Structure formats: structure tokens, C-alpha cells
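Numbering (UniProt numbering), first residue to last: 1 to 301.
Errors might be hidden in some of the hints.
Said to hold, decoys possible - Taking CB as the label site, the calculated pair distances span:
#1 A221 x S182: 23 to 29 Å
#2 T53 x T196: 39 to 45 Å
#3 E149 x H204: 41 to 47 Å
#4 E173 x D282: 27 to 33 Å
#5 S185 x R157: 33 to 39 Å
#6 F76 x Q200: 56 to 62 Å
#7 H43 x L110: 21 to 27 Å
#8 A221 x I244: 40 to 46 Å
#9 T53 x L186: 51 to 57 Å
#10 T254 x G229: 16 to 22 Å
#11 S216 x L44: 25 to 31 Å
#12 A38 x I285: 43 to 49 Å
#13 D282 x R35: 20 to 26 Å
#14 H179 x D282: 19 to 25 Å
Claimed, not checked - List time: in silico DSS-like cross-link candidates among lysine-lysine, alpha-carbon distance up to 25 Å:
#15 K95 x K278
#16 K278 x K120
#17 K269 x K25
#18 K25 x K278
#19 K25 x K95
#20 K95 x K120
#21 K120 x K25
#22 K269 x K95
If you are wondering where the hints come from, they were derived from the structure by calculation, not from laboratory data.
What you are looking at is a predicted structure, and each value in this text was computed from that prediction instead of being measured.
Glycine is no exception: its CB is placed at the ideal position from the N, C-alpha and C atoms.
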Amino acid sequence: MRRWDAIEAYVAVVQEGSFSAAAEKLGVSASHISRRVAELEAHLGTPLIFRTTRSIRLSEAGEQYFQQCHHLLEGFLSAEEQISRQQSEPAGQLKLTCAATFGERFIAPLLPEFMRRYPKLEIELHLSNQLVDLIRDGYDLAIRLGTLEDSSLLARRLCDRREYLCASPDYIERHGIPHTLSELSLHNCLVGTSPTWLFQDRGHRRELRVQGNWRSNSGPAVLSAVQCGLGIAQLPDYYVEPLIERGELISLLTNYRYPHSGVWLVYPKVRQQLPRLKLLCDYLIEAFETLPWRSTARADR
């Protein structure tokens with residue numbers, strides 16, 4: 001048994017979620033992957049994966065083995081890439097994940113120029129509002145919004161963002177302006193991905209659970225409802241700043257506005273030395289400095 005090939009096959013099965021997907025990723029047959037994993041299990045004397053017709057599940061030993069092998073494999077690939085970088089232009093794959101609307105609006109449009117600069121790189125961009133496990137799912141980079149949870153992941157700040165509480169002039173004319181946080185209970189609050197809104201009240205962070213007759217996991221859908229006069233919403237700067245400047249939306253409760261939160265480039269520690277990842281992070285940070293909606297945030301600091 002070629003131990004390293006078997007380990008690579010096993011890690012691919014766990015990351016891709018199936019033998020067929022792992023085979024496609026590595027460019028071999030599914031039967032080849034199955035044989036390699038079976039050889040590895042026989043060598044170790046314990047099952048690593050429990051197979052069903054529709055899914056796979058790791059044994060306790062399989063989970064421990066994956067964590068160790070994943071780090072070894074990443075170290076090997078990182079060493080290869082560093083040598084390759086010294087000899088030629090960057091090459092290889094980068095797998096990214098980002099919140100859907102933010103990714104569609106800001107990340108995806110920036111990637112073609114990056115690809116033109118480095119044509120030997122391959123980019124896979126996954127847009128989803130679901131939080132993925134970067135290590136388990138094999139991602140090199142995540143673009144995450146807001147406050148980061150404590151973890152073993154590393155992060156670089158991409159830019160600042162802020163949330164605005166706003167409503168249309170038509171809604172304000174019909175229902176009036178709330179002057180305190182408690183008065184929001186008298187209004188129709190349009191809920192996005194979270195029913196909890198964040199404010200700053202007399203220097204302290206305050207979370208307020210709101211209610212209304214409209215809820216959507218799509219920022220553009222909530223924005224459309226606000227523009228139509230359906231209610232009040234809390235939306236990020238890149239949606240509403242131009243509309244507020246033109247008077248199409250009205251900013252509310254500005255004294256309670258929470259300070260800037262971040263947009264972050266998050267990646268596993270084992271990816272830290274990947275030259276292609278550093279190139280992408282540097283490129284995105286530089287590109288975000290020139291985005292139009294960033295100028296207002298910089299002026300407000």
C-alpha cells in the first residue's frame with residue numbers, strides 16, 4: 001500500500017462527503033478511492049468510515065485520524081507550493097466561502113482581475129449564508145461578517161461595516177419616527193437573517209429582539225420591503241448609504257447606532273504559509289480600499 005496515496009484519498013472522502021466526489025477531485029475512479037481507504041483501514045486495524053448507500057459517517061478513530069492527516073497533508077502541500085513559488089508563477093486551487101449577497105456583490109466581481117494576474121490559479125467560490133467548517137470542508141478562506149467567535153482560525157480585517165436602522169419617507173409619514181429603542185415595539189420591524197438587532201445604549205452593547213410581519217434571509221428582499229414602506233429594518237451600509245444620501249430612506253435612532261463591526265478574511269492556521277492565499281488576501285484588502293461605499297465609513301471614523 002502506498003500510504004500517502006491512501007491518506008490523500010481518505011482526507012478527500014471526508015472533505016468531499018462521498019467516495020465519488022473524492023474520486024472526481026483527485027482524478028481517479030471511485031473504486032480506486034474505495035480500495036485505498038479499505039487498505040488504510042486494514043493497515044490501522046479499525047474502521048474509519050461507516051458507509052451507507054447515501055452518506056458516510058466517521059468513526060471516533062476516523063475523526064481523530066482525519067484531524068491529524070489533514071494537518072500533515074496541508075503541511076506537505078504548503079511545502080510543495082513554497083518550492084514551486086520560487087521556480088514559477090503561483091499555481092493551484094483556492095476554495096472560498098462567503099455570505100451569498102455580499103459575495104455576489106463584492107467578492108465575485110473582483111476575482112476575474114485576480115485570475116488575469118495569476119492565470120495558473122483555480123478559484124472555487126461557494127456562496128452561502130450557512131457557516132461552514134473550513135477544515136472539515138476543505139476551504140482555504142472564508143469572508144465573514146460581524147463579530148468573530150473564538151476559534152483556532154486566523155483572521156485579517158478586510159474592511160469595516162456598520163448597520164443602519166432605516167425606513168422610507170412614506171412609512172415615517174404614516175407611522176411616525178421612533179425616538180427610543182423601546183418604541184420599536186410599536187413599529188413593524190422587518191427581520192433579516194437574525195431577529196436580534198444590535199445597538200449601543202449609553203456606551204453599552206444592547207441586543208434587541210424585534211418582531212414584524214416580514215422576514216427573509218435575503219438582504220435585497222428586506223431592502224425592497226423597506227423601500228416599499230412596509231416597515232423599519234436594520235441593514236448594512238453598502239445597501240442603504242446611497243439611498244439615505246438621496247433621501248429615499250431615512251436613518252433612524254442614530255444616537256443608538258452600534259460602532260463599526262468588521263468584515264474578515266478567515267483561514268485555517270495550516271493555510272497561513274500558502275503563497276497563493278496571501279496573494280488573494282492582499283489583493284482583496286487593496287481592492288476594498290477603493291470601493292465607493294467605503295468612503296462614507298472612512299469619513300465617519
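Now for the hints, and whether the structure bears them out:
1. A221 x S182: 23 to 29 Å: holds (27 Å)
2. T53 x T196: 39 to 45 Å: Since the Cβ atoms of T53 and T196 sit about 41 Å apart, the hinted range of 39 to 45 Å holds.
3. E149 x H204: 41 to 47 Å: Once the Cβ atoms are compared, 21 Å apart, the range 41 to 47 Å for H204 and E149 is violated.
4. E173 x D282: 27 to 33 Å: violated (48 Å)
5. S185 x R157: 33 to 39 Å: holds (35 Å)
6. F76 x Q200: 56 to 62 Å: The hinted range 56 to 62 Å is violated for F76 and Q200, with Cβ atoms some 47 Å apart.
7. H43 x L110: 21 to 27 Å: violated (45 Å)
8. A221 x I244: 40 to 46 Å: violated (19 Å)
9. T53 x L186: 51 to 57 Å: Since the Cβ atoms of T53 and L186 sit about 55 Å apart, the hinted range of 51 to 57 Å holds.
10. T254 x G229: 16 to 22 Å: The hint (16 to 22 Å, Cβ to Cβ) holds, given that T254 and G229 are roughly 20 Å apart.
11. S216 x L44: 25 to 31 Å: Violated: the Cβ-Cβ distance is about 48 Å, outside 25 to 31 Å.
12. A38 x I285: 43 to 49 Å: holds (45 Å)
13. D282 x R35: 20 to 26 Å: violated (42 Å)
14. H179 x D282: 19 to 25 Å: violated (45 Å)
15. K95 x K278: OK: K95 and K278 at ~13 Å, within 25 Å.
16. K278 x K120: It holds: about 16 Å lies between the C-alpha atoms, which stays within 25 Å.
17. K269 x K25: holds (23 Å)
18. K25 x K278: Distance ~23 Å between K25 and K278 Cα, so the pair holds.
19. K25 x K95: holds (13 Å)
20. K95 x K120: holds (14 Å)
21. K120 x K25: holds (17 Å)
22. K269 x K95: Holds, because 15 Å separates the two Cα atoms, which is no more than 25 Å.
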